[in-house]
Structures are given as C-alpha cells and as structure tokens.
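*Asks:* Based on the hints, put chain B in the right spot on chain A.
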Amino acid sequence: MALVSNGRPGPLDELLRQRGISRGYSPTAGAGLPCEHPDLEPHLPRGWPVGELTEVLAPYPGIGELSLLAPALTALTRRQQWVALVAPPQTPHASGLRQLGFSLEQTLVVRTSDAGDALWATEQVMRSGACGAVLCWPGQLSDRQLRRLQLAAEQGRCSGVIFRHLKARHVRSPAALRLTLEPNLEPTPEPDPEPISSGSETRSRRSLRATIIKRRGGRPGSAFTILTCPPA
Amino acid sequence: MTEQWLCIHLHRLSLDVVVRGLESSEAVAVCASRGSSRWIHDRADGLARQGIKPQMALASAYALAPGMRVYPRQLMAEASALEQVAGWCYGISSRVSLFPPDMVLAEVGASLSLLGPLERIAQAVRQGLKRLGYRSRLAAAPSAAAARLMARAGRYGRITRLQPLPRVLSTAPIAAAEIPARDLESLSRMGLTTLQELLDLPRPGLQRRFDQQLLDYLDQVLGLQPEPLRIYQPDQAFHSTLELPCEVENQEALLFPIQRLLTELCDFLVARDLIMDRFHIVLGHSHSEHSVIPMGLLEPGRNEQRILELVRERLHHFQLAAPVRELSLKAQHFFPCQARCQDLFETRSRGMDQLPRLVERLCSRLGDTSVFTLSEIEDHRPEKAWQPDILKQRQASGQSSSKSGSPMASRPLWILDQPTTLPSCPTLVSGPERIESGWWDGEDVCRDYYVAECRPGEHLWVYRDRREDRWYLQGIFS
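Quick note, the sequences are listed as chains A and B, same order.
Residues 223 to 454 in my numbering are what the first sequence lists, from first letter to last.
Residues 624 to 1101 in my numbering are what the second sequence lists, from first letter to last.
Hints listed in this document are in silico derivations from the structure and should not be mistaken for laboratory results.
Here a beta-carbon is modelled for each residue, glycine too, at the ideal position from N, C-alpha and C.
Do not take every clue at face value.
[Unchecked claim] Among the chain B residues that face chain A by a calculated CB cut under 8 Å, a handful are:
1) Ser1033
2) Arg1034
3) Leu1039
Bound conformation, chain B alone:
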C-alpha cells in the first residue's frame, strides 16, 4: 500500500487566529514587529483590494486605509491552533505531523479504503477546518517532503507518482525546498534555480560539496528514503484558549467566543469517541485572578447545542468580577461513549446494564472508594467484622468475597466509626454478650455488650469495657 501524504497549509493562519475572537473580519490586519519597525503581516481581503500588501510598513498602510483595525500577531495562539488542527486531523489519519509555523501533514493512504477517494477526504478537511475557522490549501504527494515542497512552492494539487518526477515538482524553485540558507546561497551562485537542475547534477559531486543532509532530503522528496517524522500525539485533556481582542464587560458578548471553543471541544470528543460530564470555563482578567466557572452535565454527553444552552443559562446568572481578557475551556474527565441499545422487551433487567455506568459516574466525582458493598469478615470484634468491597475493584477482578456469617447475637444496623463514651450506665434492655478477642494483633478487646434504650423506642448497642469499666456506645439499631 503506497503512502499518500496530505499537506494542509494554513496559509492565512495569523489572520484566522485573530479573527476567531472577533464578530466580523472586516478591515482587520495583523501586524508583526521587530524593535521599533512594524509592518503588515497579513490583512483581510477587503483591505487587499485597497492596495495593502504584506511586508508593507504600518504607516503606509494606515495612509491607504485609515479605518483598518490592526492587531498584533499572536504566536502562542498560532501554535495552539496548529495543535488543534492536528487534533482534528487525527479523525482522518493515524499519522499526523506538525510543521510549524503553518503546516500539518497527515498520512491518508491508510484511510482511503474507509473514508473514500482522496477528493472526498480533501473536501472533508477543507470543510472541517472552515468550521473551526481556518482557511487551508492542500497538496498531496506520495512522500511527505514532496507534499511540503509543493505547498511551499504554492503548487497545490495532487501528484500520484514520483518516478519520473512530475513537471509540477521538477519546475519548483529551490527556495521552496528545506535546504539550509547557506547551501541555498551556494546553489544559487552556481546558477541552479529549479529542483530538476539540482537532481540532474551527479551525486558524487554533490556529496563532496554539500552535507549528507542535502542528499538525504533529495532522497526523501523522491520517496527513495523514508523520512523520520515526529508523529503528533493527541492530548488526553482538552485545554483551548482564546484571547479576546478587547476587554469584554458584558457576559452576553462572551457567548460567541465560547461557542467557538465549544465546537472545538465537541470535535475533540467526537474524534476520540468520548463523552464528558463536566468542564470548566476560565475567564482571564488583566489585573486580578482568573475566575473559574465549573459546568456540570446531568448526564454525560457531547451535544453542542445542549451544552451551549446550559452555558447561556449559567452565564446569564453569573456576575463578572472584572472585564474579561481571555477565555479558555478545560476538560479532563471523560467516559467512553456507549451507544444506547434499545431492548425489544422493556424488562426491568435493563437496570443491570446501567449499574456499571452509574458506578463510573459516581466514582469519577466522589472517588473510587466511595461506592462499595459490604462484606463480613470472620472476626469477633464488631468494628473489624466488616469491610467495604470497592465496586470498581470488584468489577476489575470479577470476583466478590462473600462469606456466609456465623450465627451470632443481634447486631445493630448502624455502627459508629469510633465508639463514644457514655456518661453513665444507660437503661439496659437485654444482654450481656461478652466479646474478648484480638490478642494477636495488639488490639484486644474485653467487652460486655448490651442493648440499651435511651429515648423511648431508640435501641442502642452499648458495651462496658471491662478493663476500663466505662460505658461506650457503638451501634444503633433501626
């Protein structure tokens, strides 16, 4: 099976990242700066028509379009956007690799039989990324390096073979190849401009004059040598941040960016086949501690509309402590998604299927040791005569320890964790039952147990410690 590498070039990433937090993208430009000089890095299409080009100085741009809104480039946001796109691509491919600042590579040859011809996958990618808010251009080639080369050269399309080299690659400029700048300069001084000219040179000559790295790269482009790629590993937790372009004081205005983040979260869940039952909305403020809004769902799910309604409801009643500068969504507690199977006969035994899910849900919020059944232990001392059977462990091991108890006198229903002292001898109803045991582990007891009546109708299990000659309450009958 041949490989097919899809190179996704997010060619307007810096602009898309800034526009994500805004309501409209009209007259928006992104500027980069070094020292005191500032220039336009990217601009909206409307501004392009007015004559503003990338690399133009900011002052000249303002002269051409005085009403434009300029935002600084957000490098951190671009990096996390790239990760987010890689996470999305995990839904179409199992081998995804990041090439910052703006490329993601995905191996789709293995997914062709499941997801359809390459055109369909490419269409799905374009639409999926558009939904997330990113524009993209795609190039496909049998080798990863060739796909990247095509994207860098601006030749988006598909090539199916590398031998003989197709025209689209052979006429690609060398500047688009991933060759170190020093070597690039030497090559241009030698008069070489296209890739084909470089490949026509004899190998031994190239080997003498340049590093082995250059020759390896050429072999990788031609598909003769596999390229070691760092494969992207999807995150186990979800954390996405959106920096708002200006401070927001009205909670209604937060809904739009939150919806964007929720779309990402739901895509994250769908790609991993998970559902969640709680997440956190973190609001960052400029001059104070960030505030956290915990959100919980009654039943785990990933329905975007339903969760958005809940968020809307919650925000309505929430008081903003300070103007919000940054918004992020965090989620860590997930469950595998189990489709509901409809039973033809609606019998009561469907409850048996619900128990593991219920235990899972309870344990994830309360802790594994909070849900248990009881079992008896062979010990005469009442406080040691029982143990909790943690349900999760029982499910894992598949067994349960159950002992049929030996006959004994009445035992109370409730037992206190620690026996409490009684001030005086209570009214005794029946007894005594002497328990002397436990010499082997140092906690030996020497007690006479009675049933006492304190308030009318209330039966308590008390004992007199024979060594201390004091009365203790240990249990309550019910």
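Chain A extracted, bound-state conformation:
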C-alpha cells in the first residue's frame, strides 16, 4: 500500500521503507517453531520464536506448561534435532516423555548441583547451537542474566524457554515472548462428569487461561482459553 500521488512515491512510502517502523502485527514476517497446537496457533501464527527467549509463567508446576510446548518440541526431535532440559526441578520420566511424543534419543538432560552451574550450563547449551530448543528452570534471575541468556539464544539460533513463577510477570524482562498460564476456574462448557472407573481411557478436558503479556513485533493479547487433555 503506497501513497502515490502523480505516479511518484509519496512521503509515507519513503517512511515505510525505512527500517525500524513496524506496521502493526505482521503475522508472516520471520520464521519460528510451529506450535502444532490447535488452541495456540491462532494466537502464535509465527510459532515459538527461534533465536530468542520465551518465558512461560505459571503459578505452580504441573499445570500443563510442558504439554503446551510438547507438540512443537516433539516435531523438533522427530526432525533429528536435539531438545535439552537443563537443571529440571525433578527428574524427567522416560515413559512420560515418550507418551508426550518425544524421541528419547534426541532429548538431552543436564543435571547440576547449584544455581550458578545451572545458569552456566544453560548459557553453554544455548550458545553452542547444538540444540534446537533449550528448556530451563532458573529460579531467581537478574535482568543482566536474562540478557546474557537472550544473547546466547541468539548466537546459537535456538528457542530458549524459561519457566518461571507467575509473580515474575510484573518484572520487566528482555524475553521476546512472555506467556502466563493460570488454571481456568470457570466451569467448562462440556459437562462430562468422570467417575473413577477402573482401567478406562476416557479423559475429561481441562482448560487453562493463557495470556500473552509480551510479544516482539506485536501487541500483548487478552486472555484466551486452552483446552488440554489431562492424563488418564
């Protein structure tokens, strides 16, 4: 769209051609890691950012944060790229990972004994470029440390995902994408009471409220609902 008068490019066109001016939210610019999650895709058309940090903020672990990322990460492992879990809070269970779809051969786990080592290991793994995605649970992070991780992710061209507590949402962060997850306390529209039946594989759908509070190249969005299937 160019403002052309008398066949010559107008002043607006000149301005728009300059770099550094964003034209609202351009969903097609740049490539990312495709979400492959039906509820996330409308909100993250570019997918998870590559070469940048993503922050996932949740009030407590186990709310379903990894199930959100699982489709994208499992696609990575199937493409023979590595996914690294650095200093996870508990031990990842092999069968659980396999059931989520991870290829165990391409999932790297790094275990450290203290926070300093964990941060160092995260930075090394991100910078090396050996892994397509790096997940970490760093605990308390200063702005300077976050920036270092951001630089490391840029240098290694990997998707860095940091899991933090929800209370960090009011703290400024240089991450490119910040997503909060909260349990959805409203009743779900599907009335499906699940009795405790033995050996049945039926699942009830639970929902999460997700909000994108920061997005590079776009505006923060309002809360949307993600329906996930909990385990049987």
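*Replies:* Just chain B now, with coordinates in the frame of chain A:
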C-alpha cells in the same frame, strides 16, 4: 639419519630468573652466599661496565656501585625455569634432556626436514627463549656429550663431524669435560690439558689407571657409544610460579608478572595443541593463606590477548587481602584444539558437530554423569523403569540402548526421586492402575496408582500402598 644435538646454555639464568618479576633490569645483581660470606654471582651489563665481576665480594661491589639492587639467588625458580625451557623445546624436538643447573639438550636431527636447516631452528630457539625472558647460547654437535663439552668450554657454534675431531673440540680444555674432580686432578698432574692430548693416550693404559666411566665418556663424546639420557616428559598440568622481589599491594602492578606467566601458559597450550576454559591465579602472601582467583572462559581458547583482557578486568574488581609476595598460574583442564571448519552451505546440521564439544565442555565442569539421555527399562515399577544413558559412555561405545516401550497407561512427565507421603487422600480424577511387581529383588511393590488433582489444574500421580495403606505422591503431570 644422523643425530644433531643442540645444547642450549642459559648462561645468565640466575639473573634472568630474578629480572622476570621486575619491571626493569637496570643495576640488578644476584648474590650467592655460603655461611656469612656473600659474593656476586651475576650482574647486569651496566654494572659489568662499572667493574663488578662475578665472585667479587658483596662489600667490594657495593663500594663500586652503591646504587645497585641486589637479590638473592633463587635456585627453585632456576630449576623450574629449566623445566619451562625444556617444555618449550618440546615444540622443536621430541627428545629433550635437562642438565641442571643451566643446560638443556634437544635432539633436532629428526626435526630438520620439518623445521628447516639448523640455522633456522637455532634462530627460532633464540627468539622463543628471549620472548620467555631467557638469554641463551647454542652449540650443536652430532653427539650430546660433545655439544655439552663445547658449551661448557665456551665454544658456541656448530660441528658436523666427529671423525676426525675438529679443532674446536680437540683444543677444548679438559676442565670443561664431565670428568670427576679426582680424575681431573690426576690428569692435570700428568700434564694433560686439552682433550686431544687425552685422546692420544693409549687405551689400555687409561683403562688401568682410571675408571671405565672416563673411557665411556670419551666414547660418548666421539659418538662411538650412545649416551643414556633421561628424556624430559612434559607435564600434563601447567603450574608456573613467579616470586615477586618485593611485596605488591596494588593489583595493577600484578599485571606485568601475570602477563609473563600467561605467555608461558599460552606457549604451553600451543606446544601441546590444547585449549583451556579455566585456570587459577594463586596469590601468595607472607603471613596469611594464599588467595585463589578462579578464571573462566566462555569458550575454550588460548588467545593471550583475550585472556589478558579478562584478567585485567577481573583484577580491577578484586580486593587484595594482603600484600602479594608470590604469583602463580595453575591450569589442568584442557581440551584438544579443533580448528573450525567453515561449511560452504550454512545448514542447520552444523549443530550435530557442536554436540560432542558441548558435552565435553559440560562434563568437564559438571561431571560425566550430569549429561545424559533417558531410556526405558522393562520394569513395571515406575522408579525402576528408566535409566540415564550417560552421553560420554554412549559416544565411547557407539551404541545406544533404546527400547520401544510397551503400551501402558499414562505416565507423568516428572518423577520424584523419592515418593513423598501425603497427609490424606487427595481428590482423585482417574485410576486406579494396580502395579504389583518386583518380588525377585526384594523390592516388591503393591500399589494402586491414581491421577489426583491437588490445586486447580495441577495433576499429580499418586499411589496408595496397599500394604501400608498410606498415600504417596510419585509424579507430576505437566
């Protein structure tokens, strides 16, 4: 292929060792002492011009040059300097031998085709040692003993043949040969002064009057008998110390000696084709425990300038606990140096080459067992149904154990190392799954597994132990 032995004589070693820690070498003298008498062992050239000679008594020397700075001789430092020079020579020769107090022998005949004619090697040696701070004089001969003899006699140069004996060796004084003092005295009383005179004597006569050791030595000089030499083995770790001539309180003043030590460290790495990612600077104090400054590099390397910048930065923020008397550098963790190969097509698969290096780096700091992938084991008990596949071992053996899992009910993503007890029965969502197994190794379990919801949205994997009738938490779904 004939041997060519290069004898490196560090003729000013005691002075060079002392001057290493100083900013300037003007008017510096080294004194040796025995009991209460002290004399000059070596002095700077400026002082030599003022008339100070070695073996002169200290008092007389002070009379001639009142402003000179005198330091005691550092024998330990001289010994480690000799080792350091031997380590440097390891870059030009594979057979290096130490002859304390001030000689290093290197066999360069095998390196001639790679490193060029002897003159070029000699030039490289002189310049390399000068960079480290040591002055040297070189003598080359086809046998090690002959090279040492030439150096001791002060006849530096090169001889290419030993038969017939060249003039430079035949006129060498016997005092320069490695003959025991007692035999030397007998020989001088017999009126023999040069090596040629000794060689002209008939063999049986010499055999009757002297030890076989003397005859063996003569044969070694002439190259007729090989000489058993203790070959120097380079260290696997780097440790170099510098004693500062006076206590230093300002950390900026430490940079100069640290730079000297860093040059040695980088030469050490280059000679062995290694890179490092961390080292320690140890500061020794007179009256307190030494302090250690650990230095780490983001990426392993051996670029002296870059490391010096990091050290400068670090020292700037470091508070000296006490005045520093001694400085040393220690490094043990090395990696083989792999040159970066540029791929013509910048594809994502370059990440595959990076993985072994990344694992190497992580393991060297965190331990070999810290980096692993997971694999499943055929066992119904969840805590035993998985094992870590240590990546380093996998790379060594080249195989990986992977089993396609049998179909089973949902498993949590996170498993706790030890199941924790729950105070009461939680809100159950689905289940039960009964697992009874493990009677064969004494750890049999008898559990009913359920999925429970504790806080909204949080799904936990709990079980009820049927024998104890207690609830435990074992895993978290995510």
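*Asks:* Could you tell me which of the numbered hints above are not met by this structure, giving the numbers in increasing order?
*Replies:* Structure breaks no hint.
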